[in-house]
Every structure is written in structure tokens, then in C-alpha cells.
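A.B. asks: Sequence:
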Amino acid sequence: MVHRFQSAENISDWISTMQSLIESLRELFIIIDLSIFGTRHGDVAHWIDEFYDTLRKPSDKKGASAKVMFLINRDPIKGSQYQLRALPMSSSTKVLLRSSPHGDPDPGSQLVITEYDLKLPELLPHHDDIQPQLPEPAQNLVQVKSGRPDKSDTSKYRRDEVGVAIVCALSLEANALEPFWDEILDEKEFEVRSDGIHSITYSVVKIAHHSVVILYMPGMGGFNAAYAFASCQLVFPGIRLAIISGICGGVPFPDKNTEVLLGDVIISDGLVSYDFGRQYPQGFERKREVADSARKMPSNISSFLSRLKTTRCHQHLIQRTACHLDAVRQRQTPGYSAGYPGTSHDVLFESSPSQEPEFENSTSEISDPNGVKQNLKIPRDGEIIGTIKRQVSRKRLETMSKAEENGEPIYPAIHFGVYGSGNKVMKSASDRDRVFHEDKVVAFEMEGVGIWDHCPCIIIKSVCDYADQHKTKEWQKYAATTAAACVKAFLEVWPLEH
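Quick note on numbering: the working numbering labels position 201 of the sequence shown as 1507, and the sequence is numbered without any gaps.
Because the hints were derived from the structure by calculation, they are not lab data. Quick caveat: nothing in here was measured; it's all calculated off a predicted structure.
Beta-carbon label-pair distances, calculated as ranges:
#: 1; residue 1: 1645; residue 2: 1705; range: 18 to 24 Å
#: 2; residue 1: 1355; residue 2: 1525; range: 47 to 53 Å
#: 3; residue 1: 1698; residue 2: 1582; range: 26 to 32 Å
#: 4; residue 1: 1707; residue 2: 1466; range: 49 to 55 Å
The C-beta atom is built at its ideal place from N, Cα and C for all residues, glycine as well.
Please build the complete structure, drawing on both the sequences and the hints.
C.D. replies: This is the structure in C-alpha cells:
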């Protein structure tokens, strides 16, 4: 009999041998390991059907019985990599757990095995009180309610093949990315349960040669970013790079030879948590240990940025960003802003003194020659003091102003530098300059600190203000658009194997 099993050339031969074995024995307990089929779920279902047909055939030997156990998977069950479809349970139906490839929960491929009533005699007494019970899901496990498309869906991707996530804290940042999508692959919503119900909303699109998930955050800040991205990783386990795209505050003079203007893009080559530290009665003391505040980049990103900073690659990135901006400007699609606001609206004031006199609540409003309003506070003696802050002239801005007068298009510069990330908005020129001198921080934002340590991360944001008290929203849409254009140019050269 063993020789017949070994010489079987196909499933039919194997089934035929099994039928002969069943007919030759009065009682038989069969354990069949189906895990050898791997992810070929159709083969599993076909094999089970054939095996059932064999058992259903009448036997000449009366009283013969066979009990069969199917082993679907031998791997241990781990957390959210497994799930159970909610089906009405009865005495004739069992639902078996299946390990999803790459941790991908796919309800459509779960196996539902029906126990057919063969009316075979029981070999042992049946006791309901000692039968194994399927445990309820642990409360502390995260379960993903999957929106995986069924067989009738025409989705063009697999979730484990999505390797890049782009995180947007604001709607205007996500909106700015849309003109640069090459193809929409999927738009769904997933619910992630963990001591309550939360949701993440995303779009899966094609940008350059990458399948990218656009993650829409519920709000700004590191906590929101960390929670949303962790939930996203449950749904898309293949993510290898997170890009935080949008707007930031910038340092106007990161070095003596560089001027940062509104609309310029800054790509991160480091991150500092500048508001992480201890609060004492005499003031706040930031922790300065490297392990506490400064985050190093993974080696693959560091080496890639080193190449990107070379003159040839840097110029190519600038040119591709400009090309993508031109394409959006030419289409003139309503709702998308790629128009440059104008050099006259790019105003930089001198930094405020660190110490100011004590003021009452009343103010007096006046305007400077450019129409910029200034609220001058009235000190306790009632006399209006102070003068309008002087604007800072910049050579690069003057050159751009002349080009603008000649009708030439204006494009952003692309810089590299350390980001300062924290859970507060930087609106102080003096504090901005202090953090810059202490840690060489050239831009300020709020989401990077929540993602940086959990996944290889790049921040690509555009300067919409100078992180001072003159912060306005005038440049936000244009800055978000230039950042999005740079993200696409970046993904064009980011290799798939990373």
C-alpha cells in the first residue's frame, strides 16, 4: 500500500489508493496536511472536493468508518496576521484560520470547510464539555477590518507591494499631491480596532514607477502621525519608505551663501526633537543627548541623499520639479494652485529682541508703505512706543523680482538640512534663530517626530513662512504644491529595490 502511495503520479491516483485503503480497514483516522499547497487556495478547494467525492462513494464493506483532519496551516497564530470571518456557526460548518502571505488579511481567500454528514459511527464517546472551543479574539490585539476588493473588483495592486507611504497632515497638502498622480489604483477606508474604533483613510496611486499609499491624517502633530502611520503599516506591511509632504517654517539664512525664500523646498537629512526635555521652575531645558533628541537616518537613505546632493543629481531634481510645476500650471485645473504669489509678498522682517517691556492689552494698528499691518502695543504709561520692523533685503529675491518683471517663470530652489520637529508651531524669530544656532535646524514642522523612528523617513516640505510672528496662510497652497512636485521628482529617482 505504501508503494502505491509513493508511485502515485497525480491526485486521482492518490485518491484511488486512499479509497482502497479505506475499504480494506474497518476504522481509519486520516490526517492530511494541506499546507504544502501554500497560497494556491484553488488547488486546496479542488483537492478537498475530490477527497469528499471519494468518501461519498458507496463501500461494499458495511460499518466502515473514516475520520479526517485537515491541517490548513502549521504556523503559530500571531496577532493581527490572522482573522476570522463572521459567519453563522452551526453543527455542520467550521471556519478554519489561514495565514495570509506577508501578514495580508484577505477575507476573500479564507477557507470554509463543510462537514458532510457521512453517518459514520463514532469510535469514541462524544462529550460536548471537553470539545475544543475557538477562543474569542483577545481585547489587546489589533484587528483589521479589511476593505480588500473581492474577485469582482478590478484593483491593480497588492497591498504587500505598496512600498511608499506619503503622509499629509492637512487637506491642502493632500490636495496639492493630486495633480501629480499618474494613476489611481484604489481608494478605500479601513477601520483599525484597539480598545475602541478608529479609522484611517487613504488612496493608493501610482507616482512614477511606485505604488504609493497617500495617508490622510486626522490632524497635525507627532501623536496623530505616529498613530495613523502605525495603523497604515498593519494594512500595508510592505512599506519601506515614508515621505512627509507639505508645508513648513524655514530659517531664512541657513548659511552665509544661502537664502531660503518662500516656496523653496527643504529635504531632510536629519531631525531634532527641539521641544523634548525637562520643564524646571526657572525654565525649559531641552535634552541634548544624541539618543534623546537627534535622529540619525538609515544608511540606505543617507547614501541616497549623498548622491542626490551632488551637483548633477541636484540640478536634475530641480529641473524635474520645475517640469512638474509647469505641467500643472498649463493644465490650469480648478482647485489646484501652482501660481507663484509674487516676490512683493515675500517679506522678511528683522528678528525681534528677546526682551520686551510690559504692556497693557490695548494696541494701535498702523500700516507700513507695503500695506503690512503692525499692531503696536501700548505700555502702561499710555505712550505708543516702537517702530515698524525693518524688512530684510535679499539678493536672490531681488534677482527673482527682475525675472518676474520680465515675465519669466519662477521656480523653487531645493535645499537639504536638519528639520526641527515638535508638537508646537514655531512663531518666534528669536527662538527660531536660537534653535538654528544650537542644532543647525533649517526648517520646522510637527509630524516627523512621530514617524522617524518607526520607518525609514524623508521629510519633503516647502517653506510657507519664516517661523516668526508674521506667519500668514498666503503661501500655504503654493508651498504645498512645490513640495508635491518635488516629491514626484524624488520618486522618479528613488529605486524600487529600496
